[in-house]
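**Student:** Build the complex: two chains, separate frames, hints provided.
Protein sequence lines correspond, in order, to chains A and B. Counting from 1, position 373 in the first sequence corresponds to residue 373 in our numbering; the numbering is continuous, with no gaps. Counting from 1, position 89 in the second sequence corresponds to residue 89 in our numbering; the numbering is continuous, with no gaps.
Please note that a few of the clues may not be correct.
Unchecked claim - Derived lysine-lysine pairs resembling DSS-like cross-links, with alpha carbons at most 30 Å apart:
#1 Lys-546(A) with Lys-31(A)
#2 Lys-189(B) with Lys-317(A)
#3 Lys-317(A) with Lys-167(B)
#4 Lys-64(A) with Lys-90(A)
#5 Lys-434(A) with Lys-494(A)
#6 Lys-258(A) with Lys-90(A)
#7 Lys-384(A) with Lys-350(A)
#8 Lys-549(A) with Lys-494(A)
#9 Lys-314(A) with Lys-189(B)
In case anyone wonders, no lab produced these hints; they're calculated from the structure.
Chain residues, written in single-letter form:
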Amino acid sequence: MKNLVLVFMLFTAVLSAQENYTVSGIVKEAKNGETAFGASVFLKGTSIGSISNEYGFFSITAPKGTYTLIVSYIGFENIRQEITLDQNQKVNFEMEEKSTQLEEVVILAEESERVSLKKPEMSVSKLNIKTVKQMPVVFGEVDVIKSLQMLPGVTKNGEGSSGFHVRGGAVDQNLVLLDEAIIYNTSHMLGFFSVFNADAIKDIKLYKGGIPARFGGRTSSVLDVRQKDGNSKHFALTGGIGLISSRLAVEGPVFKDKGSFLVAGRSSYVNVFLAAADDDDRVGFYDLNLKTNYKLNDKNKLYLSGYFGRDSFKFGKSFASSYGNASGNLRWNHIFNDRLFSNLSLIYSKYDYDLEITLNEFDWISSINNYNVKYDLKYYASDKFKLDFGVSGIYYDFDPGQVRPTSETSPINPLSLDRKKAFESGLYVNAEHKVTDKLTVQYGLRYSAFSRLGGQAMTDYANNQPVVYNSLLGIYERGTAIGETDYGKSETIKNFGNLEPRASLAYQLNESSSVKAGYSRSAQYIHLLSNTTSVTPLDVWTTSGKFIKPQLSDQYAIGYFRNFNDKKYSLEVEGYYKTTDNRIDYIDGSDLIGTNNIETEILNGEARAYGLELLFRKNEGRFTGWVSYTLSKAEQRTLGGNAGGPGINNGDWYNSAFDRTHDFSITGAYELNDKWTFSSNMVFQTGRPVTYPNGQYQYEGQSIASFAARNSDRLPAYHRLDISATYKPNRKPNNRWKGEWVFGIYNAYGRKNAASISFTQNQDLGINEATRTSIFGMMPAITYNFKF
Amino acid sequence: MNTYFKLIVLFLTMTLVSCEDVIDVDVQEGPTRLVIEASLDWEKGTTGNNQIIKLSESTPYFDTTTNTHVTNASVKVTNDDNGQEFIFTHQGNGEYVVTDFEPIINQSYTLEVIHEGETYSANETLTSVVDIDDIYQSTEDGFDDEELEVNIIFTDPEAEENYYLFKFQRQGDLLPILEDGDDEFSNGKEIPWWFEKEEDEDTDEIEAFRPGDIVDISFFGISEAYSNYIGILIEQSEGTGLFSTTPVPLRGNCINTTTPDNYAFGYFRLTQVVKTSYTFQ
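Chain B extracted, bound-state conformation (with noise of 0.2 Å):
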């Protein structure tokens, strides 16, 4: 629902625009702190066995440094239930693999970091996704009548209040799109999801879809909390508008237990997934 709200403010900031450019600005510079990049996603139809998490150091706003991997900490996650423990091992580059983890649904986890002697904990429960109905192109739909989009059909369950993700990445592209939902408006009704690129007019810099574009498209079932935490991230790093909420400092779910100060960016999740890509015609 928030989405639409954004969208009608978007048009009103856009009938008044007059004008967009990149500026200088100065900005503060916050402590350095760890990023836990913890996503156990569990594709549906594999065994989950294979498992990345990645560990990284945040940096100065406007730095272009991406060289922050970090190589010396011990990662662990554990089954909260029967005290399975899966260790994960450094391969390079920040991150940390195991290739015997056993995902099970609804099942509470606990990740633990210890990095230069200060310890990392979180805890999330593995949660499920709903098939893909149905996939198809349109061009009536979404934003722009001439435009193409890709839908995706899903049929929300009726029983319990679901979050979703979506994760859209044109292949070719640099960035993947996120995109957050809830059944609090929509709950047990068959939801159609839209996503559309627009054409950026004044920079040529995005395109909208061609036939022969091919998006990969991920779905993935996630927990309240987490929707919480990825809602705020997906809005600010929308930008920071005239019409956005203010921005905050965004916090998740890995705690510092050695210094509580010096909490973690990132996130543990555990989530069920659907991947697929589409070639539109």
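Isolated chain A (complex conformation) (with noise of 0.2 Å):
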């Protein structure tokens, strides 16, 4: 694979260094300064063109010649400009809104959201935030994660759980980036709400396979959410004022228009309510979200983000928590000459929680905080060949918890777990090469390296088992400790290294088709140890090391994609099959708060999901939306390797907890008029993968279930509608204050989904009795958004 890398470069060099010229530069928006990503630069009456990249930066290479250069972006008019190649040159481009009536609502969905027929990327979702922005939502604060559930492939646990399922994977295989810092929790208040604002957010971009080389570290997909820059030609504000939170977003230029700059908070105000009504609980969130870049000259633009948010309850004066990410980045966009574009990223990114329990007088810290180098290049050798490589390095240090006892009578005694320490890198070189007018492939190879560190005692068990099975009770045990082996700080526990192919490719079969087909390979190092139904804030991550291995995924897709009527429709196809293996699960009765020792908690298994995804899309006209359909099978073995015995679940395949087998959902947006446009959502899933009672018996004078084998039932069906109506008020065409009220109802026809379905004694009447939880029934919701 090398090597063919290598003759590529070396043939494509030799052919582009002869009468070529390339014009590169930036593509922005007119209004606000915001660069644009994704949009489209090509040679009229050619096949060279190129994509806009996250900074807005393009470049072609041509044979010399006259050229009609067409840029265009949806939403925005085309620009056409003749331009002369015999020299290598800078074209900036400054993109204007279609049209000054429907500013704010674009009917068109963005080109980067259409089928891009010619690109072997698949398996990716892209979101504009404007198309997230027009979806009903729950409270009516829009929602980044739940809109991405809408698209096929893309699941959540259930109303009341954080973060969101790929295509059968964990919540932990997610990759969550903001503005390339990673985010470990992605929900405000279990699920309520997503972390991302939608006021700072410009695009969302989700690779639920196909992950593109220069992206490591999880094996299900990767969610790169990009904040905006801030509007770099005016002073600008952005607000709304919810029931349950409110917004506002400042932003605009700095430094004499060398920069811009933007701040975003949000902030839920029940609190206000429960002080009112004189009640001790509180619960609340609220998060701030920071840009500022400073363009030092045409080649060199520095970007400074950050991001802060925090959730925080309390109940009376029993205990209370909060918890939160916290990221900040430093990047340095340099432009080494008009083929060369570079980028260096510094980041940290920091996820914690505090819980102090008063009842008992002790609180428990924990925390993760991971300081990141990136440095990522990409190389545009000729309209049929780019280079992308880079280099990455990310330490990991990991405080999985600290107890402290608030007071000389707690009956707590202080503990600090051990905390651990890991450095993990990558190094990566990813080619798309256009090898005829049809076919382009895109060929990368990633290594990543992970080392556990030491300056800690590790626990050597009996025979090296850190669970053992008993065979006579037939149930998995605690290894014995037989002592402990000390690593110094300069020494590491455990190496691991993997080599990780990525491929694709695209191939056209005439004007409006295409089919691609993919393979990729990802290891991931760090895992989240739940053992609970759903993912909870608490939960605590772990890195592989002497007895975890790294979480190792295969997946091969494939898929059909088409245009109709000129663009106005379009359907996506694709089928997956993945395979990971060394997914831990928990042995029966596993006990992961407090621990030091996670391994004698957990085996080592496989899983492997498979499935077809559908997406019909309409995307123009006063009518817009999709209809997407899933179907699937995730499932998961967990054999006892090396602590013996048959495994859990007596090693047979069971569903895992985010098994889907039929996933459908509408999404519509209708612009009656001016004023009026209404929206609408409708969902339709199979029920999760649950383990119910098979029998009970009498034991201490209660009733106790018996359980069937591990998820081998399911919830009744999930089903919902949402529909939302967006008034926007006779304005004044010179007026800059512009307000829109948006009337939502979450659940309309009051579906009581279960969230879980409970099996317990009534305690009066002595009978078995199953309780089901819904958490939303119909919620209505109104919001008043504002711009100036």
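**Tutor:** Put into structure tokens, the structure is as follows:
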């Protein structure tokens, strides 16, 4: 593979050295100076073109000659410009929005959301924030994560749970990046709200497979969220007032037009009501997004971005907790020349929680800190060949928990769990190569390495078995500790290295359809420990090391893509098959809290998932929207392995908690007139796999349930309808203040979707009962949004 | 410690939950198994000579038949060191009794049950328990500041790992409440253990403690293995909500030496227990 890349590089370098010239530059929006990601820049009458990158940069190389250059970015007027290529040159473009009247309602889906037939990129869902903002949501708060769930292959573990699942993967297998910083918890208030403030976000890209070689560290998906740069033309104010929370964003030019800034804040105010009601309980969240950039000169630009979000709650005098992400990121864009673009990032990110149990006089803190350096380069070798390459290094410092008594009479002893330190590095190269006019291939290789660093002692177990099968009782038990091995600060406890090949191709069948295929391998070195049905903010991350192996995943995908009626409609069909090695699962009765030796609670297993995804979109007209359907299966198997015995669930395959056989959704928006827009979501999903009782017996005067095989039952099917209407009052064209009212109903027909079903014995009657917990009934909401 | 996390999660769920209702659910039907409730509990200050072992059979989950007593088994407990045998005799209702049991702290015993040609066996060691230092009532501890709770104070021995089981039953209530604990985070400390009943505002089924209520309290010292078992049993019988651990088929220590797959439910436990009761003022 390496040799091949080299050959291509040489080959193209030679070809492009002669008679070819390059035009490069930045594409921006004229109104606010935001760089445009995904604008298409091409030479009319040729197949030579380029899509602008995250920083708006493009580069096209073509033989000497005179061309018409066209820049298109849907929702904006096309730019046409005559260009004579007789030398390398720089041109920047500013895109004007298409219609002043419909300035805020973009009825057209963004170009980048549409099917791109030629790019080998597949299994990618891109949502522009404008699309997200059109969708009806709970509590009137725009929610990125919930919008993604309307796309095929993306599900959620039910209401009241954090995170999301991609193609049968777990929550911790998603790499979530906000301006390149790793975000560990994507939800506020247990999934009520996403941590992404829509007013601060420019766009969202979700890679469900075919993850480019520049990303690594997670096996299931990459969610790449980019913050706005801030308006570089004039000051602007955006905000919204809702029932639960409100938000405000300020942006504008700074440094004498050499830069811009954005500050966005959001806060819930349930607490105000609670305080007013003289209630001791508190529950709330807030977050803050910051971004600024400074253009040193045409070739150098600096970006500084930050995020700080926090949830907190307090239950009377019993306990209180708070948790959240914080991240900061300094980036330096440097354009070496018209073909070589680079970006250096220094990133810090942190997730922590604090739990104070006033009741028993102690508190508990836990955190993850990571420091990340990345250097990414993109080389536009020729119109046929583009090369991405770079390096990255992440230093992790995990503090799984510290317990401190908060009074002298506390019954709790102080305790510090061992800090875990690790270093993860990656090196990658990825080529996009147009082999013929019809065939484009993308191939790359990532090498990742992970070192679990020393500076602590590790427990040794009899027969090197942290978990042992007790064949007499038929259960897994904790192994016997026989001593400790001390690892010095300069030593590593365990090292891993993995080659991760990634490849995909697109073959254009005709003007309107293409087929694509892809393969990718990815490794994951850190794991979220959660033996509960739903992930909670208090779950702890751990690293690969002496006993926990890195997860390794292989994914194969194939797809058919087609545009109809002059791109008014599009169809995407994809099939995938994915296997994951070393997926951990928990022994019966595992205790993950306050234990140093996680290895005594888990077994290494495997997972597999496969499915078929359909996405049909209508991209233009008064009515836009899409229908998505996924047919899939996600399973796990955990054999006894080193611990002996048959394994979890007798060593049989069992449904993963995120297996959904059918997942169907419709999203639509209808623009009635200048004042009214209506939109709606409909979702239908097979119920979540769960474990129900299969019998009962009398013990200690109670009826005790005996449970069936793991995840062999299912909750009732989940379905829901949401509707919303947006009203824009009459405005004078010159009035800068623009307001709109959003009225919405979540779960319009009040379906009691089961978040869980619990089996208990009625305390009064003594009979067994199944109790359904449903989180949201019908939820109306009203929000006022404004811009100035 | 787990309890605290559960409480928080419970609180979070409560904040979110808008609706709970009882519904009809179809469940699978597993094999019928023998249930062995062999709890040889030696109450402090007594001889511990009188012991009962209960045998019954499991039923489908929503079945309401209660008469599944096993009346035709033979039951025997042996002291592993001196070989002394205690033969339990059937007294009706599936209860097998002895009147000459000799409990010895840290002594291991073997249970043998023969039922329908299959032999079940289990092995366990008798675990001691410390005394209760103090019992009092309060309102400011516990979850709810306004409701009464009973506090039990005991001192954890520092030398070893200890595992505890509490059984609370208010006189007049249908069902007892079990709670388990250990000294993982409190080794050698004076431990206050509170027990409170919370008002169920929706159904009025559960009522908080009132002055005059009498609550019976049993405080058991249990083995680590039994603690693992009863911990899962308690957690699973509290219900399987959104944030609870995935329920598992729970296996006790009674193995079937004739047909291993046909293991029995229940447990052969040997404990020392302090029994008392408290009348709320």
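**Student:** Starting from the hint list further up, note which numbers the structure goes against and sort them upward.
**Tutor:** 1, 5, 7
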